[in-house]
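J.: Okay, here's what each chain looks like letter by letter:
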Amino acid sequence: MHTFLYAKPATIAEAVSLLDAHGSDARVLAGGTDLIIKLRDGTLRPAVVVDLKRIGELQPCISEVDGRVSISAAAVMTDIARDSRVRRRFPALVEAASVIGSIQIRNRATLAGNICNASPAADTAPPLLVYAASVIAVGSGGIRRIPINEFFVRSGETTLRRGELVMAVELPVPVRPIGAAHMRRARRRGHDLASVTLCCAVDNAGVTRVAYGSVGPRPVLAVDETGVLADPGAPDYEKAAIFEKMFAGASPSPRSIRASPGYRLAMLRVLGRRALQTAIERLAQGRET
Amino acid sequence: MTETIPIELTVNGRQRALSIAPHDTLLDVLRDDLGLTGTKECCQVGECGACTVIVDGRVVDSCLMLAAEADGTKVTTVEGLANETGLSRLQEAFLDHGAVQCGFCVPGQLMSAHALLSDNKHPTRAEIEEAMAGNLCRCGNYERIIAAILAAADAGGR
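Residue numbers (the numbering used here), protein chains in the order written: chain A, 1 to 289; chain B, 1 to 158.
Calculated directly from the structure, the hints in this document are not laboratory data. C-beta atoms are modelled at their ideal positions from N, C-alpha and C, and glycine is treated no differently. What you were told as hints is all true, and nothing was included just to trick you.
From the derived model, a few chain A residues whose C-beta atoms are all more than 10 Å from chain B:
1. 16
2. 117
3. 175
4. 216
5. 270
Listed next, the in silico DSSO-like pairs over lysine-lysine satisfying Cα-Cα at most 30 Å (straight line):
6. B:74 / B:121
7. B:74 / A:8
8. A:53 / B:74
9. A:38 / B:74
Pulled out of the complex, with its shape left as it was, chain B reads as follows (with noise of 0.2 Å):
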C-alpha cells in the first residue's frame, strides 16, 4: 500500500491539511483534493504553462512539483486572484481586451502575468514576453495577451 504523508500549506490565503501520496504533484492536489480546477493539467512536461501558480511569490509549474514538496508553503491559484469585490484589475484587463479565446491557456497566463506586476509595475514589453515565455496559448493570443498585461500595468498594477 503506497504511503501517505501529511503536508500543510496556505492555498489563496487559507490553510489546508491534507495526506496526500507521495507520488501526487502538486497539481493533482490542487484539481483533485481541493476542487480547485482552474489550474490547467496539460503537457506534463514543464513546456506549455497551463498548470502554472505560484508558490511562495514565485512562479512555478505545478506538474513539476511534488505535493510533498509543497508543504509550508503559501499556494497562489488563479482562483485567488479575484476578491470579493470582483476580478482583479488584471483579469478585466484580459477581459477588455479579447485576451481570451478558448480559455484554456488563461489561468496559467494569468498566473505568470500577476506575478510579473507583482514585481515589476511598469514592465517594457520584452520584459513581458520574458516573463511568459512558458505560457503557450494554442489559439495564438499572445498579442491580446500583452496588450492586456500592459493595459493593467498602466493602469497601476493588478
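If we strip away everything but chain A, and leave its shape as in the complex, we get (with noise of 0.2 Å):
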C-alpha cells in the first residue's frame, strides 16, 4: 500500500484544519470498509488520512432530540441496525442497513462513510432520502445542514466543500404515520453490492415518497401526492403509470458489470410495486397497534 500520513484529531477543529490545509491530498477515514480497498489498489493517494474514530463529538452515538434522530459520523451499520428508536422510526433504514456486505463489514462500516463515499448503489441511500435525511456538515465556515437530496452529485462525489466533514446523519421523525420497506435486488443472497436499490413510504395523507439508486449515477427520489400509489383500491394501470414517470430518472449504465440496464429497469418496477405493497401493509399495522 502508497504510504500516507495518519492523522487521529481528537477534536473536529484540528480535523477540519487538517482537511483544510490538504485539500483533495487529504481522505477522510470512518469506518474504512471503501477507502482502505482504495488505498490498497492505488485508486486513491492521498498524502494524509484523517481518521475521525478519536474525535469526542464523533464517537459512535444515536440520539433523539427535538423530534429528530442523529446518527454521529462513527456510528456503524450494526450499531443503527440494533437501535430500538431506529428500528421504531426508520424501519427501512434498519433492513438497508442490515443487507451492506457481511457482519464484518456492518461492524465497521458507517453511514456518514457511505453517504460521502457516495455509490449509486448506496443500500442507505434510498431510505434516508424516503425519510428526509440531512446531512450535518462542519468545515471552517461553521456547520451546515445539507437535505440529503442536495448531498449526492454522481459516483464519489457529493455537495460537501473543500475543509467540511460530516458530523452527523439526522432524521426527522415523521409527523404522521408512514409505512416504509427497502428492498434490493443483487446478483446472490447474501454478500453483494446492489443491482438495484429502493425504498418505499407511505403516509396517511396518501403521500408516497420512492428512491432508487444503482440505476444511474446518482440515487433519485421521486413523490407521488395524487394519492394514487397510497390507495390500496387503485388500478394496477393508475399505479403502472404514475411508476413510469417516478422512475423516469433512472439511466443505468450499460458498461455495469452487476446487471444490464434491461435488467435493472425491470427489476426497479417488480421492486416498485412490492415495496409499495409492504409500505401499505406496514401502514396498515401501524394504524391497528
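Two independent chains are provided; combine them into the complex using the hints.
T.: Okay, here's the thing in C-alpha cells:
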C-alpha cells in the first residue's frame, strides 16, 4: 500500500484544519471499508488520512432530540440496525443497513461513510431520501445542514465543500403515521452490492415517496402526491402509469458489471410494486397497534 | 522515510507495544510483526473473511482495518481460541464434523462462529447462515461448518 501520514485529531476543529490545509490530498477515514480498498489498489493516493474515530463529538452515538434522530459520523451499521429508536421510527433504514456487506463489514462501515462515498448503489441512500434526512456538515465556515437530496452529485462526488466533514446524519421523526420498506436485487442473496436498491414510504395523507439507486449516477427521489399509489384500491394500470413517471430518473449504465440496463429497469418496477405493497401493509399494521 | 506510529493493543490477552507504518493493516501486523499467521490474507477487499478477527468483541476483516486504528483495542485471533487444556469446544466440533477441508478459510470461520456463539448461545440455522455470510469456503464445506456450529451450541457454547 502506498504510504501516507496518518492523523488522528482529537477535535473537530483540528480535523477541519487538516482537511482545509490538505484539500484533495487528504481523505477522511471513518469505517475504512471503502477507503482502505482504494488505498491498497492505488485508486486513491492521499498524502494524509484523517481518522475521525478519536474525536469526542463524533463517537458512535444515536440520539433523539427535538423530533430528530441523529446518527453520529462514527456510528456503524451494526449500531444503527440494533438501535431501538431507529428500529421503531425508521425500519426501512434498518433493512438497508442490515443488507450491507457481511457482519464484518457492518461492524466497521459507517452511515456517514456510506453517503460520503456516494456510490450510486449505496443501500442506505434510498431510505435516507425517503425519510428526508439531513447531513450535518462542519467546515471552517461553521456548521451547515444539507438536505440529503442535495448531497449526492455522482459516483464518489457530493456537495461537501473543501475542508468539510460530516458530523452526523439526522432523520426527522415522521409527523404523520407512515409505512416504509427497503428492497434490493443483487446477483446473489447475501454479500453483494445492489443491482437495484429501492425504498418506498406511504403516509396516511396519501403521499408516497420512492427513492432508488444503482440505476444511474446518483440515487433518485420521486414523490407522488396524487394519492393513487397509496390507495390500496386504485387499479394497477393507474399505479403503473405513476411509477413510469417516477422512474424516469433511472439511467443505468450499459458498462456496469453487475447487471444489464434492461434487467435493472425491469427490476426497478418489480421492486417498486413490492415495496409499495409492503409499505401500505405496514402503514395499516401501524394503525391497528 | 515512512513515519512510524507507536501503538499498544492487547492480542489474545497479551499486551503488545509496537511501532508500525501508517499503511500497515491490522492483518499485516498480526502476521508479520506478531507472527500470528493463523489469520489468513486472501481477497483483500473484505469479501472472503479469511482475515476475520475479533476487535473489542466484534468481528472485523483485519485486511480492512489499519493497524493504527487498532491502537488501544483488544484483539482475538484464532490463536486465542484454544487454552492450555486444549482446543475450544467449537474447534473440537469443527474437527468432529469434518468442517475442515483445505483449512485455509477455517481460522476466519472459527472467529465468526466464536463471535456468534458469544452473543447468541443457541443460534438458529438462519442466524448461523447470516453470521457466517462474510466467510467464504471455496471447498464448499458450508453444511459441515453449520453442523459443527450447531453441535458446539448444543454442547453448551464455545
